[in-house]
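Novice: Okay, here's what each chain looks like letter by letter:
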Amino acid sequence: MIRVVLPYHLRNLAHVSDEVTLNVDGPITQRTVLDALEAQYPMLRGAIREHDTQQRRAFLRFFACEEDLSHESPDANLPDAVATGKEPFIVIGAIAGG
Amino acid sequence: MLAGILGYNCSLKINYNAVAEERFMSGVRILVGTRKGAFILNSDGKRTNWEVSGPHFAGWEIYHLKGSPVDPNRIYASQSSSWFGQIIQRSDDGGKTWHQPGTPAGQPAEPGPPKSESNKFAYDSAAKPLTTHQWYDGTQHPWEFKRVWHLEPSLSDPETVYAGVEDAAIFRSSDGGKNWKELPGLRGHGTGPKWQPGAGGMCLHTIILDPSNPKRIYIAISAAGAFRSDDGGETWKPINRGLRSQYIPDPNAEVGHCVHHVAMNPKRPDVLFMQKHWDVMRSDDSGDNWKEVSGNLPTDFGFVIDVHAHEPETVYVVPIKSDSEHYVHEGKLRVYRTKSGGNEWEPLTKGLPQKDCYVNVLRDAMAVDALDKCGVYFGTTGGQVYASSDAGDSWNPIVRDLPAVLSVEVQTLK
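From first to last, the protein sequence lines stand for chains A and B.
First residue of the first sequence: 1, per our numbering; consecutive thereafter.
First residue of the second sequence: 99, per our numbering; consecutive thereafter.
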């Protein structure tokens, strides 16, 4: 079971109040986790990754185990602690703007 | 004879009651988009007491909301954020509840392809000619989707709605907002390399559907100008003859003008009024030719313009000091009204602040209702929404402290 923490506005969009849990088959990567997240919450499509390019939106960052994984390959394995559900995969909005 | 007289009197009485009943039952719903959410203001036909609901989509920029003329309970909203991108929201109950079309709240996806992609606005990459547009530094730049500025529901089908977007293009949904397809003929006109972003981006902000001709659509872009389609959006022609803009290399160019807003009285659809960056303009031939009608305005820079619901020669603008100082002239919030189609303008000040006021009124932030005594409404960047129930003679704030207002639309309810 993969745990994902969403920022406030995306929790509202997905109508969830807490972290979400996902079943992900195969390797646990940014891509497979986000694919599973968008499959379970289709209203998030385009809000984390750009529709066409599947690139991370510029003002969002990905964290896990106190590390910024934003610039890692989307196909790189996430830390074991995320894969085992011990630690969440965190989507966070950059602190910018007003 | 007696029966005839009685019948006549009886008929009069029934008509009187019908009018009274309609006035009693009618109401107004104002849809307000702000920098930090949407608000819905409701009143009965007297328009003196208002109920305020919101914020809906708190914390998000709501560039525009608009209700279907066919089904007033159907409202579309553009919700956007620099962080999370573009979201389309829809209400089917007059704004009480909302959902993203095709993805009801919290509903898990079923296996298979996406049920909808209501927030996906993909430019038609097959459209010819493929063009770039002019960037701020004069170089060419590819089209990049930013947000939806304006939503225009069809006059005949609640499932059909048009979207004006940044970077400038027009999209249409025929399934209630679930899927969007560009009408590529607009960018395909071929003048794209001469279009350029204004200070607010290169936005298609105005869409007007001609009630007398379902094939005719008007749009306006900052900074490209106004365009018209006479074939339902397949092909477009620039309609900027008569516009003169000193700030572009050729002041009389076919495209490149910074049109801020265009308005039409639906009962006289061939007459259009325009607030250009500078200059208030009028066309009597569906945009083919324009003439300036700024007349005695204290400044003819501004954003909003609208037309009285029943008097097509009565037009409203809010002059703004200049394009360097985006606030009202002399610290006074004044709506200017002409009753003669332009040139002769009178300031409307009763109930509006006449000192120390430095707000702006953005291009989509004025609307009129269709009640007997036409109501006029506008919102400011200071968060006030003002209402006049007497065609502008006097004004009252409905709310004073909302986030900066981006758009105001009115639904006249029966």
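Fair warning: there could be bad hints in the mix.
With a cut-off of at most 20 Å between alpha-carbon atoms, the simulated SDA-like pairs for lysine to any residue come out as follows [to be verified]:
no., chain 1, residue 1, chain 2, residue 2
1, B, Lys244, A, His15
2, B, Lys276, A, Ala39
3, B, Lys292, B, Glu242
4, B, Lys218, A, Gly26
5, B, Lys389, B, Trp376
6, B, Lys218, A, Cys65
FYI, nobody ran anything at the bench for these hints, they're computed from the structure.
Novice: Next step is simple, just say for each hint if it's right about the structure.
Specialist: Going down the list of hints, with the structure as the test:
{"no.": "1", "hint": "B:Lys244 - A:His15", "verdict": "violated, 24 Å"}
{"no.": "2", "hint": "B:Lys276 - A:Ala39", "verdict": "holds, 17 Å"}
{"no.": "3", "hint": "B:Lys292 - B:Glu242", "verdict": "holds, 16 Å"}
{"no.": "4", "hint": "B:Lys218 - A:Gly26", "verdict": "violated, 28 Å"}
{"no.": "5", "hint": "B:Lys389 - B:Trp376", "verdict": "holds, 13 Å"}
{"no.": "6", "hint": "B:Lys218 - A:Cys65", "verdict": "violated, 32 Å"}
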